[in-house]
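Asker: Since each chain sits alone in its own frame, please combine them into the complex, following the hints.
Sequence order for the protein chains is A and B.
Read in the working numbering, the first sequence has 108 at position 100, and its numbers run on one by one without any break.
Read in the working numbering, the second sequence has 276 at position 272, and its numbers run on one by one without any break.
Heads up, some of the hints might be wrong.
Simulated crosslink set (SDA-like; lysine to any residue; CA at most 20 Å straight-line) [to be verified]:
{"id": "1", "chain 1": "B", "residue 1": "Lys257", "chain 2": "A", "residue 2": "Pro25"}
{"id": "2", "chain 1": "B", "residue 1": "Lys680", "chain 2": "A", "residue 2": "Ile131"}
{"id": "3", "chain 1": "B", "residue 1": "Lys336", "chain 2": "B", "residue 2": "Ala548"}
{"id": "4", "chain 1": "B", "residue 1": "Lys717", "chain 2": "B", "residue 2": "Ser608"}
{"id": "5", "chain 1": "A", "residue 1": "Lys121", "chain 2": "B", "residue 2": "Thr216"}
{"id": "6", "chain 1": "B", "residue 1": "Lys257", "chain 2": "A", "residue 2": "Thr136"}
{"id": "7", "chain 1": "B", "residue 1": "Lys226", "chain 2": "A", "residue 2": "Asn156"}
{"id": "8", "chain 1": "B", "residue 1": "Lys264", "chain 2": "B", "residue 2": "Ile253"}
{"id": "9", "chain 1": "B", "residue 1": "Lys616", "chain 2": "B", "residue 2": "Thr715"}
{"id": "10", "chain 1": "A", "residue 1": "Lys121", "chain 2": "A", "residue 2": "Glu74"}
{"id": "11", "chain 1": "B", "residue 1": "Lys226", "chain 2": "A", "residue 2": "Glu82"}
{"id": "12", "chain 1": "A", "residue 1": "Lys121", "chain 2": "A", "residue 2": "Asn156"}
{"id": "13", "chain 1": "B", "residue 1": "Lys614", "chain 2": "A", "residue 2": "Ala129"}
{"id": "14", "chain 1": "A", "residue 1": "Lys123", "chain 2": "A", "residue 2": "Thr136"}
{"id": "15", "chain 1": "B", "residue 1": "Lys616", "chain 2": "A", "residue 2": "Asp130"}
{"id": "16", "chain 1": "A", "residue 1": "Lys121", "chain 2": "A", "residue 2": "Gly87"}
{"id": "17", "chain 1": "B", "residue 1": "Lys680", "chain 2": "A", "residue 2": "Ala134"}
Facing chain B, a subset of chain A residues (Cβ under 7 Å, in silico) [stated by the list, open to error]:
{"id": "18", "residue": "Pro103"}
{"id": "19", "residue": "Gln104"}
{"id": "20", "residue": "Phe144"}
Listed next, the stretches of chain A that the computed footprint assigns to chain B, with coverage defined by at least 3 CB atoms under 8 Å from CB atoms of chain B [claimed, not checked]:
{"id": "21", "segment": "35 to 42"}
{"id": "22", "segment": "46 to 58"}
{"id": "23", "segment": "92 to 100"}
{"id": "24", "segment": "126 to 138"}
Calculated directly from the structure, the hints in this document are not laboratory data.
C-beta atoms are modelled at their ideal positions from N, C-alpha and C, and glycine is treated no differently.
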Amino acid sequence: MANLTINGKSITVDVEPDTPLLWAIRENVGLTGTKYGCGIAQCGACTVHIDGVAIRSCGVAVSEAEGKQITTIEGLANGGTLHRVQQAWIAHDVPQCGYCQSGMIMAVAALLKEKPKPTDADIDDAITNICRCGTFQQVREAIHTIANA
Amino acid sequence: MNKHVSPAINRRAFVIGTAAVGAGLALGLDIPFGGPAVVRAADGSPEVNAWVVVRPDDTVVIRIARSEMGQGSLTGLAQLVAEELECDWSKVTTEYPTPGQSVARKRAWGDFSTGGSRGIRSSQDYVRKGGATARVMLIEAAANEWKVPASECKAANSVITHTPSGKTTTYGKVAEAAAKLTPPAEVKLKDPKDWTIAGKGLQRLDTADKTTGTMTYGIDVKLPGMLNAAIKDCPVFGGKLKSYDEAKIAGMKGVKKVVKVGDTAVAVVADTWWHAKTALEALPIVWDEGDNAKVSSETIAKWLAEGLDNEHPAYVGNKNGDAKAAIAGAAKKIEAVYNYPYQNHATMEPMNATALYTADKCEVWCGTQNGEAAFAAVLEASGLPAEKCDVHKLMLGGGFGRRGMTDYVRQAVAIAKQMPGTPIKLLWSREEDMAHGRYHPITQCKMTGAFDADNNLVALHYRLSGQSILFSLRPEALQNGMDPAAFQGVAQSGEAAFGYSVPNLLIEHAMRNPHVPPGFWRGVNVNHNAIYMECFMDELAHAAGQDPLEFRRKLMGNHPKHLAVLNAVAEKIGWSKPAPQGVYRGVAQIMGYGSYVAGAAEISVTDGSKIKVHRIVASTDPGYVVNPAQVERQIAGSFVFGLSALFYGGCTVKDGRIEQSNFDTYNSMRINEMPKVEAVMVPSGGFWGGVGEPTIGVAAPAVLNAYFAATGKRIRSVPLRDQNITFA
Ligand code: FES
Ligand code: FES
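Looking at chain B on its own, in the form it has when it is part of the complex (with noise of 0.2 Å):
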């Protein structure tokens, strides 16, 4: 049966054929592909290289090197694989290899790093080769056997068949001798149009667990002896642990021990997490919460809207012509200031991590988003080196860009190192994941846009003021200063490029980097810049008194791709057709992760300030799609997650910290705000995008056009929570 084995459940280990031990993490990418060496899993089966491994019974085991958390792409990956291996797909089952197998193989499954919408785009070459050459191996192997040329040996479902004798054998019979074999140096890759797996919307590898309850999350690891921890993190960010009086919890049910966890942060660690949660709640803390508890929501707003003024330095990420002259002298001009909040991803299985540390190794289970980030974290945190170290990766209950980041990991592991031997398993309460997130960053935008005497868009000035992940998390990422990726979905070229033609074009960004730590929050920076330009481009077309689809439509002449996303939403919601009475639309396309998007809603509004979604249309063209019924997937639930933004999530700061502390006052969307999403694939091909995430930008601001559509009246700052605006 198709199954995901988590390794809580099956702990295998591989048995290592090379003597690679104790490479870095800086090695570059050399995936192999099978060698002279027979590498074996620990049931003894033979890999016929690092992507596949086939039993005797025939059964198939893919590797998976990136992670799952819902969005589909273990299945994905696993049915590239399984297309090229020619395989029988009912016996196939998946794997995750550990970063510390990778890293002591030479990185052989290249990069385990799952975000930016990248599962699949960014490794689709080399695992269909890795499933490509097996099969080559396999032919081999058994035209070998049968001392006959391997041309004329064919492969299809498990069975290879010597097509003039009609011979026929397994895979799981030759795959010993397969794996001996020197693979191919080059193989040729299927062309899409003949898949037969992939391509298909097959059903998912790791259903059946998530409905029995039996599926192993993070939070749910078990080990002999362990111990739980519940920890608070300085709320104020950048503050410091000052204090606590571990007297006042002595005597506490179940309480083992109180640690402190680097500077900033105490963990009780208890029997059960709810013994260490309830100690954790009565220990008097002291913090030193430093300058930064001065900071308000209010001063950051103050302090961003001085970047929107043009005196202040500003990167430039786009250009053309010259915006600021061409305003100057316009026969008309526009200008909207727009802004957007942090938010906490929220993922349903709040943040956990669990360490064994001893002298001589530690490992933790965790989800993650990227294995590799998770393993350095260990070896940082532990002190031991690479050989001494692994994780385990468990399915993520939602990432969203969160898991990406290893600050659990380290501190699961820092707890660990204070009592060496016992398994620890840290928790942080819902509390403690929106105190603690790496928020999606704030950000305000002036854009002024001015016509000719005819209506026509001569220049549009686009002034972003706010926040840059890079210079947070990545500065090394950084062009002479500039953040190149908050310029996405308003870029000049690459993936997510700008969709309109502007004679005179000025795209900038004044960067102000607040306290609050920012993260790649599922969407990143398409989300903002999609609502700030696409609720502008719905300004400018009611300015110039046209249809908003139409004054698109006109830009867009040089941007084939992104117009036919947006048209294909406008025919199938009927934007040519009126409207039911009462039922109002907007429309919205951008560019992300590689991908085109467009989406149209139709709402109605009640009293100015109760929205019904009545109908969403979504459109993408990620190239090519590896299965229908999962990018489908993906489609509906970015407008969930889009959606859920623009109404209820939003983080202020109040004295340094995050004030939302729940889902009461951080809240999501639940089934009976959520309509249909009908979503339209027409993929294109020739490109690979990605789907989890750049329809996001287009959910808020097809609802917001389509609320001026029905009420004349313009929201430019989110959530529609603080305008007290709900659900219907």
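Chain A on its own, in the form it takes in the complex (with noise of 0.2 Å):
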């Protein structure tokens, strides 16, 4: 058993100590935004808020996430109002295959959260996430936009 704090809402959880926090959030808690990709702290597909900070949801177990105030994709929309970076991500049409970019979005709403101008030496040292169809460019013409608005 965990109780864990995910978008605002607390959840008690039936899950050994040791279960990855991202296996925990797509299958016992059912919020399948939050993806799976290497399941090695690699890709960044899994990427999540742990009170304010992105971290990749497959290397924490749930036992280390008890007490913080998680927060995934599903949860970064303001009630019905899409956050910035979702708003800038459908402006420029970003996603391709999209598998990637729900980590990708949580790890740049973080990245602005702490740096809201960010340089393109700054989006290098923090947006470490793969993406196979290769959306770097409008990753970063997005964040750009974000920082100029």
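Answerer: Right under this line is the structure:
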């Protein structure tokens, strides 16, 4: 059993303490926007926010996430208003297959909170998610659009 | 709002109006454009024809048979239908017909296969006719109602106007009557220069859900009572499952069943996938690995190298004059040997499928590039007839050719069949996905070029040795044993024709098929042929003491379309002016999938081993551009795919199995490694080429040629990871 706070809601999940947060979110909580790509903290598809910081949830045990604020892609929008990263993603038509984009958006949202006007070098340092479709150009353009808004 | 409706969210079945159930997959393509019996969508709205449903509120539902996997053709195909339909684009939605419905209606939607950059080019003609036919019928229905000649009416933006009287109505109001009309025998399609919806960089129809986590991929399927399966197939291709010790995992949390899958694999079924995977890892398994366990990258390389020797037989794919004689008598000749490795598709979403089997039906939910092939796999694996099976296509988290295969579909059905009534979601771990790819074929190539005394290229011998995809996957397509696709990009003619005129030319393939299963890997045989040919062109230019661009141009007089894209990149990158201090350039061109493409790169190199790519220019002539914004993304994405392959993408074989297991050993480019791609589109019209794949071919040789310009060193082996060369 673990008590998790996900997208502002307190949820008790029946899992072993060493279950990766990713699988608890996907299978026990049922929020499937957070994706599995590698399971070894390499690809970033599973990125969520833990206390506002972008974290690869496949590498975090639920026991480590207890008592913390977890935000998934489903909780990024503010009610009916999409987060500005989501809005920019739509305006720039960033996703191709889209499978990496939940993680990409969560990573970018965390970056912008920390650095509202990131340089290209900041983007290069902070955004290390894999995108096999190769959407990097649109990702970069969308980030700059938000920063310059 | 524009939206693609995913079947897991809205599983609407069509009401079939004609009694064609039971038709087999072998039926020929006979695409109907409507008929006397009104066919209705599940919500009761009439189909004007198979492609177009119009709801009373004027919403237009466009059916898309090809799969969306990120390449954007779902939107492009909808644009083509909407263009001819003259409908209001803001009211367009799309949905996938299922392969089962298509078969039941004599393949009403034609080919579902989405590979070979064919999504748009191979269906543009009939989907446009689908839109045009529906428009004519809608206009006729309005004219009938008004009792005026249809010729006095016109349609625009889903509104029909009777020009003399100014009377108007909308598509939604006349759709019911239109659906009852006999479709016109002939329709005239618009000249692309008059397009207003197609040809424009409209936004994709599938973006919004991809930004909120609500898009349903195969991995996200949830069905009542569903269990999850993790699988291990014999790591040595061709090996078998000998035994496993189920008792060792008895009592592990969540485990429901351990099942054998065919002769080669074992799966654990549990309440969650995490439990299934954890138990599978603890399960002792004994494999019967067989003789293939003795194979390694070294033994494969040795076998392929033998094929480079002229003593061995080879299939001739392209020939002109007598290359061997001309080389023997030449004033000067140069020779080089290149090689290209196995590569995994590494789609972001690992393979998965969900199957529900009962005694009288078998349904599968999955991402697939070929709905009909998946459907056929379900029939075969379930043993049930066509009318009792179906496949519900979901969004693909990447395809790249891998999801044209049906191995994961068969496995899911094989497991579900052992647990009737329980939906089973089979998901491969990334490790399983790396171990059981359908890999980019492995090849080597020996090239010999010969010059006359004036440094004119008089002969070229291109001898490829290695694996044939068709031999393994489509043997019926071999021509007297020869794999014609092996010559993609260097073929005599056709959609992947060689772009140079050489008086004495011999292009041949010594086929060598190791046990590692090959597959269609985005770009396919164009990828290695482009590296071999375009890097060697550079070597030839250097040997002749000529500028690589000028050297190529002299050989391209008879290939104006190849030349035009090459010229376009040369101009854009500023080839005639020097590159910035410390920056070096390379170019490459190729034809593939009916399109002409070229690329140019500017790079700098530190210590001979650290490459920074500063600039990429890429040019494409695909004939017509249906959505320039998406074509631009395909071009840029192709460079990411091609450069990931060049730098990181190699699968090596040890003890008969693939050594790489995840993204830590099989890396992929990140944003910091990728510059902006400046895309130059030069559609010249008159033909339809594909865009998802051809550009991948020029990515690697453009950078490798720039590397030579920077260092004076030729790299003839991919990936650069194994040469200790990486991104700066
Ligand atoms: S799934 Fe967590 S980083 Fe890849
Ligand atoms: S959009 Fe497909 S992997 Fe990033």
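Asker: If any of the earlier hints don't hold here, list their numbers in rising order.
Answerer: Checked against the structure, the hints that fail are numbers 6, 7 and 10, while the rest are satisfied.
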